[in-house]
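Asker: Just so you know, the sequences run in chain order A and B.
According to numbering that gives the first Met the number 0, the first sequence is numbered sequentially starting from 0.
According to numbering that gives the first Met the number 0, the second sequence is numbered sequentially starting from 0.
Since the hints were derived computationally from the structure, they do not count as laboratory data.
One thing to keep in mind: the hints can contain errors.
Cβ-Cβ distance ranges computed for the label pairs, FRET-style [claimed, not checked]:
#	chain 1	residue 1	chain 2	residue 2	range
1	B	59	A	334	52 to 60 Å
2	A	82	B	317	57 to 65 Å
3	B	312	A	25	42 to 50 Å
4	B	61	A	150	40 to 48 Å
5	A	211	B	105	27 to 35 Å
6	A	252	B	320	52 to 60 Å
7	A	264	B	176	26 to 34 Å
8	A	252	B	346	33 to 41 Å
9	A	120	B	344	30 to 38 Å
10	A	85	B	287	19 to 27 Å
11	A	211	B	346	24 to 32 Å
Even glycine gets a Cβ: it sits at the ideal position worked out from N, Cα and C.
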Amino acid sequence: MKKIETKTFIKDKFAEYYKKCASIIPSPTSIEKREFGFILLKEKIMLRHKSFRSVDDLREFLKTTVPSDVYYSGAYYEKPEEEMEEKVWLGADLIFDIDADHILTPCDKIHDKWTCNNCGFVGKGATPEKCPACGEARFDEETWLCDVCLESAKRETMKLVEVLMDDFGFPPEKINVFFSGHRGYHLHLESEEILSLDPAARKEIVDYIAGIGLEPEFHDLKKIRGPKLDDSGWRGRIAKGTYDFLLKATPEKLKEVGLQRRIINVIETHKERLIKSWKEEGPWGIIGIKGSRKIAQISAQRQSVKIDTVVTTDIHRLIRLTNTLHGKTGLKKTEVPITKLERFDPFKSAVAFKEGTVTVLVSEAPQIRLGNEIYGPYEEQKVELPTAVAMLLLCKGAARVAE
Amino acid sequence: MKELEGRPVFTERDVAKYPFISKAVEYMKPLDIDIDELAGSDYDKILDRAEDRIKEAILSNLVSKEWSNDAVEISSFPIAVMMVAAAADSFLKRRYALAEAKRVSDMLKEERDEIIMGIAERFNWKIRSVKINVGSLTYDFALHFTDFLKNATVIQDKKWKLVNRLVSNGEVYLTKSETSRLLEEEVRRYIEGKLDTKVGLLPQGITDRVDRLKRLFMEKRGKIRFEEFPRGLVIAAFPPCIKKSYDTIASGRGISHIGRFALTSFLISIGMTVENVIDLFRSLSDFDERMTRYQVEHIAGGRGSRTKYIPPKCDTLRTHGVCPGMNEICKRIRHPLTYYRRKLRTIRTEAPVERA
Chain A
0 MKKIETKTFI
10 KDKFAEYYKK
20 CASIIPSPTS
30 IEKREFGFIL
40 LKEKIMLRHK
50 SFRSVDDLRE
60 FLKTTVPSDV
70 YYSGAYYEKP
80 EEEMEEKVWL
90 GADLIFDIDA
100 DHILTPCDKI
110 HDKWTCNNCG
120 FVGKGATPEK
130 CPACGEARFD
140 EETWLCDVCL
150 ESAKRETMKL
160 VEVLMDDFGF
170 PPEKINVFFS
180 GHRGYHLHLE
190 SEEILSLDPA
200 ARKEIVDYIA
210 GIGLEPEFHD
220 LKKIRGPKLD
230 DSGWRGRIAK
240 GTYDFLLKAT
250 PEKLKEVGLQ
260 RRIINVIETH
270 KERLIKSWKE
280 EGPWGIIGIK
290 GSRKIAQISA
300 QRQSVKIDTV
310 VTTDIHRLIR
320 LTNTLHGKTG
330 LKKTEVPITK
340 LERFDPFKSA
350 VAFKEGTVTV
360 LVSEAPQIRL
370 GNEIYGPYEE
380 QKVELPTAVA
390 MLLLCKGAAR
400 VAE
Chain B
0 MKELEGRPVF
10 TERDVAKYPF
20 ISKAVEYMKP
30 LDIDIDELAG
40 SDYDKILDRA
50 EDRIKEAILS
60 NLVSKEWSND
70 AVEISSFPIA
80 VMMVAAAADS
90 FLKRRYALAE
100 AKRVSDMLKE
110 ERDEIIMGIA
120 ERFNWKIRSV
130 KINVGSLTYD
140 FALHFTDFLK
150 NATVIQDKKW
160 KLVNRLVSNG
170 EVYLTKSETS
180 RLLEEEVRRY
190 IEGKLDTKVG
200 LLPQGITDRV
210 DRLKRLFMEK
220 RGKIRFEEFP
230 RGLVIAAFPP
240 CIKKSYDTIA
250 SGRGISHIGR
260 FALTSFLISI
270 GMTVENVIDL
280 FRSLSDFDER
290 MTRYQVEHIA
300 GGRGSRTKYI
310 PPKCDTLRTH
320 GVCPGMNEIC
330 KRIRHPLTYY
340 RRKLRTIRTE
350 APVERA
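Pulled out of the complex, with its shape left as it was, chain A reads as follows (with noise of 0.2 Å):
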């Protein structure tokens, strides 16, 4: 049995991709004034600066030099083949970026795996900030894409998609939503009057998405009154948040946010009233000023958009291009319209590779889904698998090919 080696099958599936594929990877707008960067599949480094005329030279450019990700810039440039310094930035578009990363998700990621870069130490789950043997904050990580995880994901998006729709009044046609190819989604917004905004006038957008430095009382929480579940941006959120939290907190959880003891008597003594008091002035009066804020702060948290934070106020920023292949999974990033992101499925409308099967050796790896079909979980075995899901265990250098 001869060995083939790894890299060399992925970059022959790729190239097999973007051969028979070219024709669907989109122009950016005014492809001319951005900045493209690819990983190099072989030498795993960063082309950065480059820049296109037309998309068909891109596309050419993707059937030749097979790269195993594919960027460009949310920016646009006067000459965006220069270095940083030189390119004339001339605006850009307002980018988010939902990772499972940034989440805390029901799994915990069980299914991810972190070893210490100092002493070796592994541990499963996400990632901490330090080495509980040795301190140090280095690790390697091993992360994999489960059902729970992009769930969350997806739903945050969806919370996002309803601020910028609600909130900042951007229709519906100017939101474009995608499927990161890996853990999470993306959100473009390409508006003319968002285009010269800087980076600080991006921090207060994130900064209202995700809720920071959010102060109730500035939403009018006074002492007997505060916002109705009908009203809009913040106020009608706190309130919500704030209806969702007192009916469904047990004292355990009252408890463990820190309220008073003398604020929890009177919520779980007052339970009816309650929730009877939103059709008048709401629960604040009864439970108190001090209460009231501690319980708006926290359900606002709740409300918050868990977006990471630092891709939306980067205004150099390079994000994936839609329908190139993701180097960690060999799924597509995929546009995903508004009115069916309730309902899909990244597992199978993400797929690149959707026929004949693959025979691989699997080290490790936990259960993945295709579709309506199960694999795994696998352990040091030999397994014919569809190419979708034999791909992804290669990326992911969790399997070799074994023909």
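Once you've looked at the hints, dock chain B against the given chain A.
Answerer: Relative to the frame of chain A, chain B by itself:
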């Protein structure tokens, strides 16, 4: 004027109050005045008022709101702009633009809604007059969020954070007084832009006045810098190393390269603007604005790698002789910024500071 159709017609009195509005251009084009004619005695009143505007800006940071002759008041504005531009001092330019802008916002707070709308539209703001009550709050205007952000991000107060505003359907809701405050920022930037115009040769009568103003400004410079320190920045909470570097620089003496780096990154980290930091170095004998600006902007993350630098750790500062010796707080911390945060907390608990 075509561009003002459908909007309130500004009276001569309105133009005297807000000389930058479109109609002012009808009366006089800034920096396009018959200079020789101006030097004649007929125009002494205008020149006097122009000089006064600047003098008031230097001395009290506010241009006065009383005048007797509207025509003189209107003409004095473009002349004052020309004089400040001629003085070619970026610190004075900022001071003057701010003083004029404050005068505007003070008057706008008392103004009819139509006038506020007219001026906002002069700057192409997307604004509506609304008059609504939401809960216990009353709003007068709804402004597109991009116009809000362009002007509000420089105001350091929680109340001006977008997340603490009522935002709905792309608009931020504002009171009349808040709208006036935002217009102040717009006017300030507009005037600053005008002040960057290159000025040609001026007649003796005007250059004499410009020189007089420059001398006055030089005299007051030190005092003004102290006043302009951003609110919320507490010198009393500086760690000894930063305090020492700061005092040395403020007295016009030089410090080591790492001392400068520590001071600059410290001040930027605690919220001082690039402009204010540059001004601090201005009194040094070897001050080079272009170089200083480059370095300060680099540390602030505005250039090159776009990394925002923070000051070195205490260890490093000790190694390089920047540390003048530790006090009690120093013994418990390892970074100058931690010192500042701790000290600030103790100061604040001792004397609670009211948030504006």
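Asker: Next, verify each hint and record whether it holds.
Answerer: Checked hints:
The hinted window of 52 to 60 Å between residue 59/B and residue 334/A holds, with their beta carbons roughly 59 Å apart. For residue 82/A and residue 317/B, the hinted distance range of 57 to 65 Å is not satisfied, since their beta carbons lie about 37 Å from each other. Checked against the hint of 42 to 50 Å, the C-beta distance between residue 312/B and residue 25/A comes to roughly 48 Å, which is consistent with it. In this structure the hint that residue 61/B and residue 150/A lie 40 to 48 Å apart at CB is violated, the actual value being about 58 Å.
Restraint check, residue 211/A to residue 105/B: a C-beta distance of roughly 33 Å satisfies the suggested window 27 to 35 Å. About 54 Å separates the C-beta atoms of residue 252/A and residue 320/B, a value consistent with the hinted range of 52 to 60 Å. Checked against the hint of 26 to 34 Å, the pair residue 264/A and residue 176/B fails, with Cβ atoms roughly 42 Å apart. Separated by about 36 Å at the C-beta atoms, residue 252/A and residue 346/B satisfy the suggested range of 33 to 41 Å.
Under the hint 30 to 38 Å, the C-beta atoms of residue 120/A and residue 344/B, about 36 Å apart, fit the expected range. For residue 85/A and residue 287/B, the hinted distance range of 19 to 27 Å is satisfied, since their beta carbons lie about 23 Å from each other. Separated by about 25 Å at the C-beta atoms, residue 211/A and residue 346/B satisfy the suggested range of 24 to 32 Å.
The earlier numbered hints that this structure contradicts are 2, 4, 7.
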